[in-house]
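The primary structure of each chain is shown beneath.
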Amino acid sequence: MAAMATTFLPRLASPLSFSVSRWATFYTTQYTLKFLPALSIAVPGVTINIPGLLGDIWESVLRAVPKNKVSHSKKRSRQMAGKALKDVNHLCKCPGCGEVKRTHRLCQNCLEDMKRIWRQDYPVNRGF
Amino acid sequence: MAGGLVKYRHLSRKSSARQALLRGLVTQLVQYEHIQTTYAKAKETQRLAEKLITLAKRNNEPCRRSAQGILYTPNLLMPKLFGELRNRYLTREGGYTRVVRTEPKNTYDQGESAILEFVDGKKDSRFMMTAKTLARDRLLGRSSTPVTLQNVKKVTKFRDEKELEEMVQRFMILSTEGEGALEAQSAESAKLAEKEGAAAEILAGDIVPESAKSGEQVKR
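Chains as they are written, first to last, in the numbering used here: chain A, 706 to 833; chain B, 8 to 227.
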């Protein structure tokens, strides 16, 4: 009923005025009536709604920045974590020469000895 | 392996490159009877090599054709494959090749290496290793372990025992020669190394059993 009254009142007051200006006054009154109390509580002094919200996001983004440079040592120790060489525990004594060798592997010394004999037996390395 | 079930190692190659690689390796294997590559390549070549020997044993026209398709130098190696290798494996039911892991061949990438060889071939590492172990046991005057005796049995199953005996003798000569060379080197610094020698004898005492030790002293 109040809205109806406001629409009627300008027409009664000045019937010769343009319709555009009449609509403008109508909207401004509506706007101020509805949103002014809410805005005054959230951001006092700022009458525009959207820039206030954006400003909050902007501030939080700028705050998430590394405080210090990550040192070379810190970076390397982080990236090389879990990549250290493993201990070789599977060792035994070679039955052929008595040297220490890895289990389930041919002894390198003995392999060299074998190759010496093969070189004597098959000197031309062109197959046989 | 990543990517689910695979029936063979792809060796980081497309089909044609992999096939070429395996053909090359198997050709070299037939030629030299003993090749050293990475473990993965050795295991994949082993499959092809076993199939090739099966073809040679079957020895009919289609088999000869497909064997010719595998070998890169068929005119050189076909006579060997269908002669020597065929006769060698005629009585053996599978298991013609052996893959033995070795120390890394490539010192740069330290990749897992292995030797692929023909069982009972001219360059059989287990035969050589058994002979060397027997030679060492005899020189130290101790009895062979059950594992060595088992290996002797395996090695001489399709092969003459005389061959093994000859190889044992050769290894004994080789090791005594090596010792002689070492003695000549150490003669100059004998006085300095006396203490070290004593320590070495103590170490050797751990390896040699008591009975063998007494035998050695008698020999000296």
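Keep in mind the hints are simulated off the structure, nothing from the lab. One or more of the hints may lead you astray.
Stated by the list, open to error - EDC-like, lysine to aspartate or glutamate: derived pairs with alpha carbons at most 16 Å apart: (1) B:LYS130 - B:GLU170; (2) B:LYS129 - A:ASP792; (3) B:LYS48 - B:ASP144; (4) B:LYS161 - B:GLU100; (5) B:LYS130 - B:GLU91; (6) B:LYS129 - B:ASP167; (7) B:LYS112 - A:GLU817; (8) B:LYS164 - B:GLU110; (9) B:LYS130 - A:ASP792; (10) B:LYS112 - B:ASP144; (11) B:LYS50 - B:ASP144; (12) B:LYS50 - B:GLU68; (13) B:LYS169 - B:GLU184; (14) B:LYS160 - B:GLU172; (15) B:LYS58 - B:GLU100; (16) A:LYS798 - B:GLU119; (17) B:LYS130 - A:GLU804; (18) B:LYS129 - A:ASP826; (19) A:LYS820 - B:GLU110; (20) B:LYS64 - B:GLU100; (21) B:LYS130 - B:GLU173; (22) B:LYS129 - B:GLU100; (23) A:LYS798 - B:GLU110; (24) B:LYS129 - B:GLU184.
To be verified - Stretch by stretch, here's where chain B covers chain A in the computed footprint (C-beta under 8 Å, at least three residues): (25) 768 to 775; (26) 818 to 829.
What the hints assert, rightly or not - Pair by pair, the computed Cβ-Cβ distance ranges are: (27) A:ALA786 - B:THR98: 51 to 59 Å; (28) A:LEU790 - B:LYS58: 33 to 41 Å; (29) B:ARG145 - A:GLN784: 51 to 59 Å; (30) A:ASN773 - B:LYS112: 44 to 52 Å; (31) A:VAL793 - B:LYS161: 27 to 35 Å; (32) B:VAL106 - A:GLU817: 17 to 25 Å.
These figures come from a predicted structure and were not determined experimentally. Cβ coordinates follow ideal geometry from the N, Cα and C atoms, glycine included.
Point to revise | Given pair status - GLU100 (chain B), LYS161 (chain B), alpha carbons within 16 Å | key: This hinted pair holds, its Cα atoms lying about 14 Å apart.
**Study point:** 16 Å limit on alpha-carbon distance, applied to hinted pair LYS130 (chain B) and ASP792 (chain A)
**Key:** At roughly 33 Å apart (the allowed maximum being 16 Å), ASP792 (chain A) and LYS130 (chain B) break the hint.
Check your understanding: Taking only the CA atoms, is the gap from LYS50 (chain B) to ASP144 (chain B) under or equal to 16 Å?
Key -> violated (32 Å)
Check your understanding: Within a Cα-Cα threshold of 16 Å, do LYS129 (chain B) and GLU184 (chain B) meet the stated pairing?
Key -> Between LYS129 (chain B) and GLU184 (chain B) the Cα gap is close to 24 Å, so the pair fails against 16 Å, i.e. violated.
**Study point:** ALA786 (chain A) versus THR98 (chain B) beta-carbon gap, inside 51 to 59 Å or not
**Key:** Cβ of ALA786 (chain A) to Cβ of THR98 (chain B): about 57 Å, so the range 51 to 59 Å holds.
Check your understanding: Has the given pair, LYS129 (chain B) with ASP826 (chain A), been kept, meaning a C-alpha gap of at most 16 Å?
Key -> holds (9 Å)
**Study point:** Status of the given 33 to 41 Å range, CB of LYS58 (chain B) versus CB of LEU790 (chain A)
**Key:** holds (39 Å)
Exercise for review: Below or equal to 16 Å on CA atoms is what counts here, so check LYS130 (chain B) against GLU170 (chain B).
Suggested key: With a Cα-Cα distance of about 13 Å, the restraint between LYS130 (chain B) and GLU170 (chain B) holds, given a limit of 16 Å.
Check your understanding: LYS48 (chain B) and ASP144 (chain B): Cα distance at most 16 Å?
Key -> violated (35 Å)
Practice item. Would you check chain B against the stretch 768 to 775 of chain A, counting CB to CB pairs closer than 8 Å, and say if three or more residues qualify? Key: This one is violated; 0 residues, fewer than the three required, reach chain B with a Cβ under 8 Å.
Review point. Okay, ARG145 (chain B) versus GLN784 (chain A) on CB: inside 51 to 59 Å?
Key: holds (55 Å)
Check your understanding: CB of VAL793 (chain A) to CB of LYS161 (chain B), is that within 27 to 35 Å?
Key -> Holds, since VAL793 (chain A) and LYS161 (chain B) (Cβ atoms, about 28 Å apart) stay within the stated range.
When each numbered hint is compared with the structure, violations occur for hints 2, 3, 8, 9, 10, 11, 12, 13, 16, 17, 22, 24 and 25.
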